[in-house]
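Peer 1: With the numbering used here, letter number 18 in the sequence shown gets 18, and the count goes up by one each step, no holes.
Simulated from the structure, these hints should not be mistaken for laboratory data. Note that the Cβ used here is the ideal one computed from N, Cα and C, for glycine as well. Among the hints, a few may not be true.
Simulated DEER-style distance windows between Cβ atoms [said to hold, decoys possible]:
(1) G197 x L58: 50 to 56 Å
(2) M256 x W56: 16 to 22 Å
(3) P128 x V276: 39 to 45 Å
(4) V181 x L76: 25 to 31 Å
(5) E189 x I23: 49 to 55 Å
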Amino acid sequence: MRDNVLKYVLVAPAVLVVLVTAIWPLAESARLSFTVGRLNRPDSLKQYLGWDNYVWALLEEPAFWNSVWVTGIYTLLTVGLTTFLALGLAILLAPGGRLRSGVQTLLILPFAMSPALIGVSFRFMFNPEFGLFDAFFGALIPPLAQVSWLADPILAFAVCVMADVWGWIPFLTLVLIGGLVSVPRETLEAAEVDGAGPWRVFRDVTLPQLAPVLAVAVILKSIFSLKTFDQIFMLTNGGPGTATQTLSHYIYFNGMKYGQVGFAASVAWLMVIPMVFLTYAYARLVFRKDRDP
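Given the sequences, and given the hints that come with them, work out the whole structure.
Peer 2: Below you can see the structure in the form of structure tokens.
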């Protein structure tokens, strides 16, 4: 009897921390999403509004759909480019790969930097007056010198994608290296004995066995790309205009700048929908892999 009680006593602090830091904020944000919820009107935080915030976001707010579009394109580009480049680096860095030691050293640098710091760094590097890229292009490609990268909607979006890809390549590369190491050497040698070239070995043997790890990496990167905020905030603050305003930045903009916490909470819960599907897919892949012999 004492053992049964003791196990609940030992787990209680962890459960309390989860309730305070996760469950209660989620429940409170869900409640706020059904209220008027304006910070300059304390009474509005309890004024029930029903589904009006959700209807307004989905049917009557063009800025919301702009942020959805920006977030979707941003996620597709960052996930695709990061996965492609990380796979190439993983092949170079895997046991027996070329350039292993040199690239592995360079790989540590972006992995050690916070997203906010990456945003600040890229903001200074793309400064048209004293930025690193301005000096680089001035020396090698003069027509691209003095270009206001962060003042142009398309170029600013490209810079945001570039910064995110640069910061995430190390993590995905390390994940994929682990996947490549787990591929049985015997199957690779058997394919080579049968006369398959390097490309066919990779396409027909390595890639199918790497697919589960690759899927997990893509899902994880998609989750983080969908909720990206700090890097965008420090790099462009959603500008110019709303060209780089992701859903997370749009939520912050409405909740903190305009004080519309009820509306911001409803948008946040709309953003939860794709997160739930991605998290479910991630859990299925991980747990299925654990169950496989």
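Peer 1: Next step is simple, just say for each hint if it's right about the structure.
Peer 2: Evaluation of the provided hints:
1. G197 x L58: 50 to 56 Å: holds, 52 Å
2. M256 x W56: 16 to 22 Å: holds, 19 Å
3. P128 x V276: 39 to 45 Å: Since the Cβ atoms of P128 and V276 sit about 42 Å apart, the hinted range of 39 to 45 Å holds.
4. V181 x L76: 25 to 31 Å: holds, 29 Å
5. E189 x I23: 49 to 55 Å: holds, 52 Å
Comparing the model with each numbered hint stated earlier shows that all of them hold.
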